[in-house]
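Asker: Taking full-length UniProt numbering, the leading residue of the sequence shown gets 1, the next gets one more, and so forth.
Worth flagging that the hints you see were computed from the coordinates, not collected in a lab.
All of these numbers come straight from a predicted model, not from anything done at the bench.
Just so you know, not all the hints are guaranteed correct.
Claimed, not checked - Computed Cβ-Cβ distance ranges for the label pairs, DEER-style: (1) His65 <-> Leu41: 17 to 25 Å; (2) Ala10 <-> Gly107: 19 to 27 Å; (3) Ser101 <-> Ile11: 32 to 40 Å.
Claimed, not checked - Under the rule of at most 25 Å between Cα atoms (straight-line distance), these lysine to any residue pairs were calculated in the SDA-like manner: (4) Lys50 <-> Ser99; (5) Lys50 <-> Ile98; (6) Lys50 <-> Asp84; (7) Lys50 <-> Thr18.
Cβ atoms here follow ideal geometry from the backbone N, Cα and C, with glycine treated the same way.
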Amino acid sequence: MVSLLLHERAILNVADDTGATLLHYTSRRSPPSIIRLLLRLGANPHIRDKNGRTPLFDAIFHGTHEQHVSENVAALVEGGAEIDTTDVHGLTPLLHAISTSSASRIGLLLNLGANLSSGPASGPVPL
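Build out the structure end to end from the sequences listed, making use of the hints.
Answerer: Below, the structure written as structure tokens:
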């Protein structure tokens, strides 16, 4: 698989019918070494799916192994992902973490520099 990616880098940023790329899917459940490899090979952490969500949202919202979530989010941010980016509803990854009451993910995003005042233009931030 790695040799295929090395020779066919164009496939790194091809989206499926939901707008998700390989980086979106690997951000959910793969070890951080895979995320770093894809970023090093040219995967774009800014590509949005049909909901306006980048791979960072997938790591926060769909990640299943807490240690991988933490390391994957850090790898994405180190690789250029914008921590305060918003989806089509104006929600940031931090606001998604807050909506699921995930204290560990909220703390992770705040430690990486997420801004509590980013997000919807109207209404209070739900704490």
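Asker: Decide, hint by hint, whether the structure agrees.
Answerer: To see whether the hints hold, each was checked on the structure:
no.	hint	verdict
1	His65 <-> Leu41: 17 to 25 Å	23 Å, holds
2	Ala10 <-> Gly107: 19 to 27 Å	37 Å, violated
3	Ser101 <-> Ile11: 32 to 40 Å	37 Å, holds
4	Lys50 <-> Ser99	20 Å, holds
5	Lys50 <-> Ile98	22 Å, holds
6	Lys50 <-> Asp84	18 Å, holds
7	Lys50 <-> Thr18	6 Å, holds
The earlier numbered hint that this structure contradicts is number 2, and it is the only one.
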